[in-house]
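Using the sequences and the hints, build the whole thing.
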Amino acid sequence: MSTRAGLGRTGAARTDPRGGPAARRPRAALDRAGRWVDALFRSHAALVYVFLYVPIALVVLFSFTAGTRSGELRGLSLRWYGTTLGDQFVIRALGNSLVVAFSTSIIATTFGTIAALALSRAPRVLRTVLEGLTYTAIIIPGIVIGIATLLFFVNVFGWLNPWIAWLWSSLGLGGRPPALGPGLHTVVAAHVVFTMAIVIVLVRTRLAGMDRSLIEASGDLYATPWRTFRQVTLPQLAPAILAGALLAFTFSFDDFVIASFVSGPGQPTLPMYVFASIRRGITPEINAIATLVLLVTLTVLFVVQLIYRRQARQAEALRAAAERVEAEFDDLAAGSAAAAA
Amino acid sequence: MTPPSLATASTSPTGQKTAGGWRIRLATALMLAPMSAWYFFLLVVPLGILLVFSVGERAPEGGYQPGLTLENYVNLSTRATAFGNTLWMAAAGTVLCILVGYPLAYYLATRAGTKKTVLLILVIVPFWTSFLIRTYAWLTILGNTGIPALLEAGGLGRVVLLNTPFAVLLGIVYNYLPLMVFPLFVSLERLDKRLLEASKDLGAGRWATFRQVTLPLTLPGLLSGAILVFIPIMGEYLIPALLGGGKVFFVGNALFDMYLQSRNWPFGSAAAIGLILVVLVAVSFYLWFGSRGRVERQVSLL
Numbered sequence: 001m002s003t004r005a006g007l008g009r010t011g012a013a014r015t016d017p018r019g020g021p022a023a024r025r026p027r028a029a030l031d032r033a034g035r036w037v038d039a040l041f042r043s044h045a046a047l048v049y050v051f052l053y054v055p056i057a058l059v060v061l062f063s064f065t066a067g068t069r070s071g072e073l074r075g076l077s078l079r080w081y082g083t084t085l086g087d088q089f090v091i092r093a094l095g096n097s098l099v100v101a102f103s104t105s106i107i108a109t110t111f112g113t114i115a116a117l118a119l120s121r122a123p124r125v126l127r128t129v130l131e132g133l134t135y136t137a138i139i140i141p142g143i144v145i146g147i148a149t150l151l152f153f154v155n156v157f158g159w160l161n162p163w164i165a166w167l168w169s170s171l172g173l174g175g176r177p178p179a180l181g182p183g184l185h186t187v188v189a190a191h192v193v194f195t196m197a198i199v200i201v202l203v204r205t206r207l208a209g210m211d212r213s214l215i216e217a218s219g220d221l222y223a224t225p226w227r228t229f230r231q232v233t234l235p236q237l238a239p240a241i242l243a244g245a246l247l248a249f250t251f252s253f254d255d256f257v258i259a260s261f262v263s264g265p266g267q268p269t270l271p272m273y274v275f276a277s278i279r280r281g282i283t284p285e286i287n288a289i290a291t292l293v294l295l296v297t298l299t300v301l302f303v304v305q306l307i308y309r310r311q312a313r314q315a316e317a318l319r320a321a322a323e324r325v326e327a328e329f330d331d332l333a334a335g336s337a338a339a340a341a
Numbered sequence: 342m343t344p345p346s347l348a349t350a351s352t353s354p355t356g357q358k359t360a361g362g363w364r365i366r367l368a369t370a371l372m373l374a375p376m377s378a379w380y381f382f383l384l385v386v387p388l389g390i391l392l393v394f395s396v397g398e399r400a401p402e403g404g405y406q407p408g409l410t411l412e413n414y415v416n417l418s419t420r421a422t423a424f425g426n427t428l429w430m431a432a433a434g435t436v437l438c439i440l441v442g443y444p445l446a447y448y449l450a451t452r453a454g455t456k457k458t459v460l461l462i463l464v465i466v467p468f469w470t471s472f473l474i475r476t477y478a479w480l481t482i483l484g485n486t487g488i489p490a491l492l493e494a495g496g497l498g499r500v501v502l503l504n505t506p507f508a509v510l511l512g513i514v515y516n517y518l519p520l521m522v523f524p525l526f527v528s529l530e531r532l533d534k535r536l537l538e539a540s541k542d543l544g545a546g547r548w549a550t551f552r553q554v555t556l557p558l559t560l561p562g563l564l565s566g567a568i569l570v571f572i573p574i575m576g577e578y579l580i581p582a583l584l585g586g587g588k589v590f591f592v593g594n595a596l597f598d599m600y601l602q603s604r605n606w607p608f609g610s611a612a613a614i615g616l617i618l619v620v621l622v623a624v625s626f627y628l629w630f631g632s633r634g635r636v637e638r639q640v641s642l643l
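Going down the list, the protein sequences come from chains A and S.
Take 1 as the starting number for the first sequence in my numbering and just add one per residue.
Take 342 as the starting number for the second sequence in my numbering and just add one per residue.
Don't read these hints as lab results, they were simulated from the structure.
Quick caveat, the model's predicted, so the values are computed rather than measured.
Where hints are given, some of them may not hold.
[Stated by the list, open to error] One-sided excerpt, in silico: chain S residues whose CB lies under 7 angstroms from chain A:
| no. | residue |
| --- | --- |
| 1 | LEU473 |
| 2 | THR486 |
| 3 | ILE488 |
[To be verified] Here are some chain S residues the structure puts well away from chain A; computed CB gaps all over 12 angstroms:
| no. | residue |
| --- | --- |
| 4 | TYR414 |
| 5 | ASN426 |
| 6 | GLY487 |
| 7 | ALA545 |
| 8 | LEU558 |
[What the hints assert, rightly or not] Ranges between beta-carbon positions, derived for each pair:
| no. | chain 1 | residue 1 | chain 2 | residue 2 | range |
| --- | --- | --- | --- | --- | --- |
| 9 | S | GLY631 | A | THR68 | 46 to 56 angstroms |
| 10 | A | THR68 | S | SER632 | 56 to 66 angstroms |
| 11 | S | GLY496 | A | THR68 | 27 to 37 angstroms |
| 12 | A | GLU323 | S | ALA374 | 19 to 29 angstroms |
| 13 | S | ARG364 | A | LEU126 | 11 to 21 angstroms |
| 14 | S | TRP363 | A | ASN161 | 36 to 46 angstroms |
| 15 | A | ARG309 | S | TRP363 | 56 to 66 angstroms |
| 16 | A | ILE91 | S | LEU621 | 37 to 47 angstroms |
| 17 | A | ARG124 | S | ALA378 | 15 to 25 angstroms |
| 18 | A | VAL296 | S | VAL459 | 21 to 31 angstroms |
We treat Cβ as the ideally placed atom computed from N, Cα and C, and that holds for glycine.
Here it is in structure tokens:
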């Protein structure tokens, strides 16, 4: 949990050769059986990586076919990418998915983070209930969340719409009264339930492992609570918040099951569109869509990784600075004690 | 679930008892309000409605009409195949993930040397890519033009791979392996390597060391991995839908059918409640097993 302990561990491994990983031992020290075991582990790992990556690689490869059948490579071309990008249904589904995933990520991260900050100060009973609900939201299968949310919205809309119609006519407004219905907003509402729970767990774990002395030091240095939060607490929480936002985005962007229950008619998300296309028959176009989606997710992952590293460095710098200040304080205190003596 | 102590000590550690206490309480309430409202309206109320629907009756035109009957639950026995498939394949999938994942995690944690980080990231990257696409990728490989065609060309006769339990299990291991490897890796890396040296010095062979030292000490990681994998497989829909092709189906597939096709909502609600109960039993078993293991380890250390 604590980075310091982690640093200590690797440090120990470096100085104590016997505590270090077996791979650092000289090869000659391994007996014949040991080499066999090593080779076995190595080949098992290699096979697993082949297993993990070959299917994805084949999808990417087949997306470049010039032929019309999926699962074979007849000449190289980009024709299926042209088809995909010119397909307005694909573009619209992609747009829907991006809107849903961004909204889910922002709402879940904001509400989840502020709730995680306040949760430890809540009365014990309320805290227990909210913690229980958080874990419930995480362990309940997505399909159950989809069904339960569908039932909820069907009931709420069925109950609200007559009232809206009544209000509409009693206000003397002409035309058809507006009716509430399912749409992208209902998908976001359902996605936030479990992604917010994930953000809460991540941020609270980070809070529990946080260095308390920094907060105290900040108070000792006359920072206001808000300033302490902004300059000390928040930077330390940033990696957890970022990870939560990324997870929320990915889960929401990737979700097929919940969206198929609660999305509105004629507003499919990208996974819904792809699933329906697969059911109609596999074409190289699906491979092209899949490749584009892979490209987008990997880019996002890479960018987030860069931000994450920068922030980790900043947090480390902050900690180092705090330790320096602490040491100087100790020196000062020792100095004044000596002077007094 | 340790109570995080400090968290927002920044706001004022002693605030509760001073004159500013009400402001802190108000701030706390406001900060918890959106989350509580969301949980109440979109988790508690929906689950309540699900419970009410599960004892109702199917309206003639589909959907729901009020009622008070346990018939839906009794009728769940007609869906025993779906529940049976879900249970045995979730268990088998979890075991397979352990069998494939443990040696890999062990290799990564103890033998991969400097390539460790890169190799670990390579295990996790597929987890971040689309689940649907990962499952779809196997459709071509296992389909008629894929491996079966290769086998036939090699003179091994016709084999059907798609729409079999094998295909579904393959999809499960493929998709959930990263979730198993990660906790295993963490617990294997935390393992004090001096214990292994000590075991060796005391004359234990590789297998004895693994069985008596490594395995017991990494059991918590193994359990976390198992529960991380087992629970989502229980609610799986996509893998059986794509690779099981209607021949191998889970509770999730039955639920899709009951809600979106036959529109028997009360029966579907009962099945959903049944699924929740099975998951809860699994989690309780995990918690019980985990706590028992901890006590035993403490005793043996004493």
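Here is what the structure says about each hint:
With a cut of 7 angstroms, the hint placing LEU473 of chain S at the interface with chain A holds, because the nearest CB-to-CB distance is about 5 angstroms. Contact between THR486 of chain S and chain A, as hinted, is supported at the beta carbon level, the nearest pair being about 5 angstroms apart and thus within 7 angstroms. Because the closest C-beta pair between ILE488 of chain S and chain A is about 11 angstroms apart, greater than 7 angstroms, the hint is violated. Non-interface call for TYR414 of chain S relative to chain A: holds, since the shortest CB-CB distance, roughly 16 angstroms, exceeds 12 angstroms.
With a closest Cβ-Cβ approach of about 15 angstroms to chain A, ASN426 of chain S is found to remain outside the 12 angstroms limit, as its non-interface label requires. Distance check on GLY487 of chain S: its Cβ comes as close as 7 angstroms (rounded) to a Cβ of chain A, failing to clear the 12 angstroms threshold; non-interface status is violated. With a minimum CB-CB distance of about 14 angstroms to chain A, ALA545 of chain S clears the 12 angstroms threshold, and the non-interface call stands. For LEU558 of chain S, the condition that its CB be more than 12 angstroms from all CB atoms of chain A holds, with the nearest at approximately 15 angstroms.
A beta carbon spacing of about 54 angstroms between GLY631 of chain S and THR68 of chain A agrees with the range 46 to 56 angstroms that was offered as a hint. Between THR68 of chain A and SER632 of chain S the Cβ separation comes to about 59 angstroms, which falls inside the hinted range of 56 to 66 angstroms. Remark: the range hint 27 to 37 angstroms for GLY496 of chain S to THR68 of chain A is upheld by a beta-carbon distance near 30 angstroms. For GLU323 of chain A and ALA374 of chain S, the Cβ-Cβ distance of about 38 angstroms falls outside the hinted range of 19 to 29 angstroms, so the restraint is violated.
Distance hint for ARG364 of chain S and LEU126 of chain A: a CB-CB separation of about 18 angstroms, consistent with the stated range 11 to 21 angstroms. Taking 36 to 46 angstroms as the suggested C-beta distance range, the pair TRP363 of chain S and ASN161 of chain A conforms, at roughly 41 angstroms. Restraint check, ARG309 of chain A to TRP363 of chain S: a C-beta distance of roughly 42 angstroms breaks the suggested window 56 to 66 angstroms. Against the hinted window of 37 to 47 angstroms, the Cβ-Cβ separation of ILE91 of chain A and LEU621 of chain S comes to about 42 angstroms, which satisfies the hint.
With their beta carbons about 21 angstroms apart, ARG124 of chain A and ALA378 of chain S fall inside the hinted range of 15 to 25 angstroms. Between VAL296 of chain A and VAL459 of chain S the Cβ separation comes to about 22 angstroms, which falls inside the hinted range of 21 to 31 angstroms.
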